[in-house]
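Residue numbers (the working numbering), protein chains in the order written: chain A, 1 to 344; chain B, 1 to 344; chain C, 1 to 344; chain D, 1 to 344.
By construction, these hints were calculated from the structure, which means they are not laboratory data.
Note that the structure is predicted; figures quoted are calculated from it, not measured.
Hints are supplied without guarantee of correctness; some may be wrong.
A pair counts as met if it fits within one copy or between any two copies, since identical chains are not told apart.
Taking lysine-lysine pairs in the DSSO-like style, the calculated list, with each CA pair at most 27 Å apart, reads [what the hints assert, rightly or not]: (1) Lys-44 <-> Lys-240; (2) Lys-44 <-> Lys-13; (3) Lys-99 <-> Lys-183; (4) Lys-13 <-> Lys-183; (5) Lys-6 <-> Lys-286.
There are 4 protein chains.
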Amino acid sequence: MHRLEKLGLTCEKVSSGGRTVISIVDDASTVPSHYFSQLDQVDKVINVSPRYPLTATAPQDKSFFIGATRFGGGIPVVVAGPCSVESRTQILKTAARVKQAGATALRGGAFKPRTNPYDFCGLGPEALAYLAEARAETGLPTVSEVLSAEQIEMAQEHIDVLQIGARNMYNYELLKEVGRTRKPVLLKRAMSATIDELLQAAEYILLEGNEKVILCERGIRTFEARTRNTLDLNAVAMLKSMTNLPVVVDPSHGTGRASLVKPMALAAIACGADGLLIEAHLEPSKSVSDAEQAITPDELAEIVVAANNIARLIQPTPPVPYTRPFAESKNRRFDPPVSTALPN
Amino acid sequence: MHRLEKLGLTCEKVSSGGRTVISIVDDASTVPSHYFSQLDQVDKVINVSPRYPLTATAPQDKSFFIGATRFGGGIPVVVAGPCSVESRTQILKTAARVKQAGATALRGGAFKPRTNPYDFCGLGPEALAYLAEARAETGLPTVSEVLSAEQIEMAQEHIDVLQIGARNMYNYELLKEVGRTRKPVLLKRAMSATIDELLQAAEYILLEGNEKVILCERGIRTFEARTRNTLDLNAVAMLKSMTNLPVVVDPSHGTGRASLVKPMALAAIACGADGLLIEAHLEPSKSVSDAEQAITPDELAEIVVAANNIARLIQPTPPVPYTRPFAESKNRRFDPPVSTALPN
Amino acid sequence: MHRLEKLGLTCEKVSSGGRTVISIVDDASTVPSHYFSQLDQVDKVINVSPRYPLTATAPQDKSFFIGATRFGGGIPVVVAGPCSVESRTQILKTAARVKQAGATALRGGAFKPRTNPYDFCGLGPEALAYLAEARAETGLPTVSEVLSAEQIEMAQEHIDVLQIGARNMYNYELLKEVGRTRKPVLLKRAMSATIDELLQAAEYILLEGNEKVILCERGIRTFEARTRNTLDLNAVAMLKSMTNLPVVVDPSHGTGRASLVKPMALAAIACGADGLLIEAHLEPSKSVSDAEQAITPDELAEIVVAANNIARLIQPTPPVPYTRPFAESKNRRFDPPVSTALPN
Amino acid sequence: MHRLEKLGLTCEKVSSGGRTVISIVDDASTVPSHYFSQLDQVDKVINVSPRYPLTATAPQDKSFFIGATRFGGGIPVVVAGPCSVESRTQILKTAARVKQAGATALRGGAFKPRTNPYDFCGLGPEALAYLAEARAETGLPTVSEVLSAEQIEMAQEHIDVLQIGARNMYNYELLKEVGRTRKPVLLKRAMSATIDELLQAAEYILLEGNEKVILCERGIRTFEARTRNTLDLNAVAMLKSMTNLPVVVDPSHGTGRASLVKPMALAAIACGADGLLIEAHLEPSKSVSDAEQAITPDELAEIVVAANNIARLIQPTPPVPYTRPFAESKNRRFDPPVSTALPN
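Model the full structure from these sequences, guided by the hints.
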């Protein structure tokens, strides 16, 4: 107890069934856990509050606007576009078509992480410029994945929302990099990440002072082989009770089958998702990547109408027009000493 | 080819890249696979059509009525009631309350398969009689799980829909038993069963001449520990494209948390489920089993209203009043010889 | 506390951080959990001791002999034979060959649970008679799966070890049936059963008075598709620390590939398994079932030699010759009252 | 076919059952798959050879030496040390003790990827210098994880084997970075990566000209909660048949329990692993990270003896002394044009 007090923590001793329990009265969620586990005579450390305080406790509305598009405020955001930007013409045409279909943001891959190193890995910086051109023509904010600090730099001017893909959710160096920008971040759940790990990944971003984080459920990996992934909508309903960050769902990756995108998009809205991320292609079978799961702009239009209808049903109150001042960075990280030693 | 012809199968030979492919022209989905794999010089057997022909190909509407409740016809069926029948009073009161809340069938466990042998395993035959009494008072058809041939016998008179629980989906002897009755069967997906295995389990029942099978998604087992199971709604959308059998969803077991039952019930309807199976209890925290996932009749009432609204949105056409004649049993099993030998 | 005392339980009250903890001093592992959870003012019930007391706490050596074969005593048991008994000739020849290869027991399926209802489901009672004949010729004890009470009856005279397959591990009615026999039971872990569920399934058998239970790890279901299942050898090492029941491993189902049977058989012995269950066939590619995973008797012989060498390395002490008197049935089930009501 | 020929590929046409199959005679494993899938009239593309040609087909012995330690040549490599380098004294003492225990390389985390952002994340560059000092004192090559290009740079002089952790197996930018160094790379399987994905991740490294890749199985994520991960030894046996790259196993992360490290280390060697990666700590309960799974140097010594005994049993031939010339970089990547368009 003496040593805990040296850390500035108030604590209390209780006895229970022959054991001594030291209860830390203050919020200690940001103190490294080895500060407690290493103490002599400590047998077990039990966390009673979540260890992602910024992500969990923010009482305020965490929705935000990008241009005219509001993430997290009642009307489902629909981020649509091709898996990969394939050419200038393709993305300009697609942007016009998905806007017409009701999309409120444009997605398109410039840098593609591919399982196989020989597959098409995106047009790179060129694609970023095309996306910006599409934004200029349609007014749709752009969403695109970044894989490295260098790519974040290149994306600054062209991309409105930086996407962290499922493969990089555990890439904490990259999370810190996007946390240092002031761009909103769309953070996808890794294919076998727990809900708690997703929230802790978000905490990495918030901790750097960037509060505009959108969580994205995109399917987890299970034994079921009929679908590419198992879309975990339980996680959406659960997340909505654990954080105020907007939660969107990607039924394209979540199912891997074009025919399942509509039913699962509607299910996502019905269980409380704030929006959708959907792969749409002018000619799905010709997509350079993920051809099986892309839908046409016409199919997208149907989904948007139905999704909005369902959203109205389950959230009858119209969202209040709202602009939120960007919050002060509140870096609450516990300042660790250089060595791992505890203060004596 | 000579030997295949002895089995009554027409076949054709094609050559491809130095290999010889023998294509069987007839429907051979019901011929035991070893009849092909064992033939000399056969290297590989590829199934091009599904091996659950009764479950997969039935072109007709597979919905059916039980009393006034239609399973599979546009308006969501809501099967509600306690996990376990705990007493006569409890089930009579609950039945009245869930009916008032909009439930269209009554569930209640008489025989409970329990992971731990020391836990409460149901009131047994007594509970069946109470359920029948509740049916008489409310007009609600009764749904209850059976674990053995003996229990099927006992349930005959009291129970309208025999439930096969997730733990018994692979219990093929039991599937054959319920297949021999003329009671509708609610077949739950096992906790790690693939969609194809669920359909083959249904085939066991249909093959015995019982076509009234209702499939039930109730969550699969994954690494995620925040929820009891991971409700696989992809499977619902997928099943609707693979069979005409009604598909219902159990958001109570599928989430294990009362607070998630409503959002996931609505998601289930939004992606095309024909109904819901929900644990409702007059006093959830006092439930003898699964207390964490039970909801109150009032919460149920809210779900029923919202679920019907969503169902109307996604299936605007009102269901046609309809009574279906019970189909002739069509046992198409390939008649196997006593030994495993192929005809020469 | 007054009501707990009515149940015959001594308890103690402690306070901790504003909460009141009632600690039950007696062993309450066999009291139904709703007896505690339903009490007014009880917020949470925490089990500190495992709820499979018979399986967990038995201090004595749980190994046993069948004929000359000892299950669980240092020298690996090798149960080998075809997936299915296909004919009298086949099983007699195979029995002779696997005995020569060093097998210490003979397996062979008489009743086969098949995912697809149209596949070969075993020769039934006929196969049982052939197995008995093979036993008479070779002296090898016989192991075969049973799926129903009726089949247990038929197997009585011919089969020495009743196998409960992975698909029936949760079939508690069947577990109780084999528990009522005095035959040793080989209990396979279900494809997504936790270690704790396997132990509780064993408890069902022990609770009926049958203590000769052999646990079998046979692979769990994961996302990995290169192998049929994922053999969970962690579970073997873990089980050895949780129970004295013998633990065997089935590398045939655990991998689904003949080429992996040997390395995984040796790994199983290296991490402490008491034996192996291996599918061996005179002509693997002609096996009526599971042809991909069957090995030849010659390959089996190599495995037996290597497995014994590894067993000697890790357990240098030679096993003491030993015959164990069959323990008295100790049915410690808490006697539940007819209704679910607590004593007042 | 005309367009495939423009890509320099020889092809052949065969007809089969009314369908036309175009078979590509040349090795096309490195051609981006959309070059085929996008062609008009192409319905389906089937890969018959694996798409990781460098990883899969290398016929030569892929073992290599680092100092006196050979990776992949018969005698198990034992990489041991603390999860995190905690201080200069700690790592120097530990290095001496693990060497004495028979370790052939030293591990120690300098940069720790932590699920929780508030936990200890390593001493950084300071730790690298301590590791180099420990190498100088003991002669043990050093193994340490890197998370970014910047850290690779810092590690150059101090670290002999760059570790890519499970969280970064899908971080293809990082894989390319380590591929550009000439340091051996220890590549851990991600927690839900398939075997094929692991091999393709290795291909990213080999493709940059770095052939010294060691694959590491460290447990996958499943539903089983008794162990931290499920060690997938099937994968080890499978990998040994798919590639000549050395395969090592990490039973510390693979089980998460100190008591299971020994049995699973032995199992790993028994099924063919080329080595072990083990967390050893002078005082396990005081470890700043992963305290539950660390073992003492004395326990390590026992494992080394037993592992070598088992290795001798299963691979009786002594490894031939051998130094392999570093192979020429063979970058066989198919040179993609700037746009995604196919040559007309």
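Taking the numbered hints from earlier one at a time, note which ones the structure violates and give those numbers from smallest to largest. Violated: hint 4 alone.
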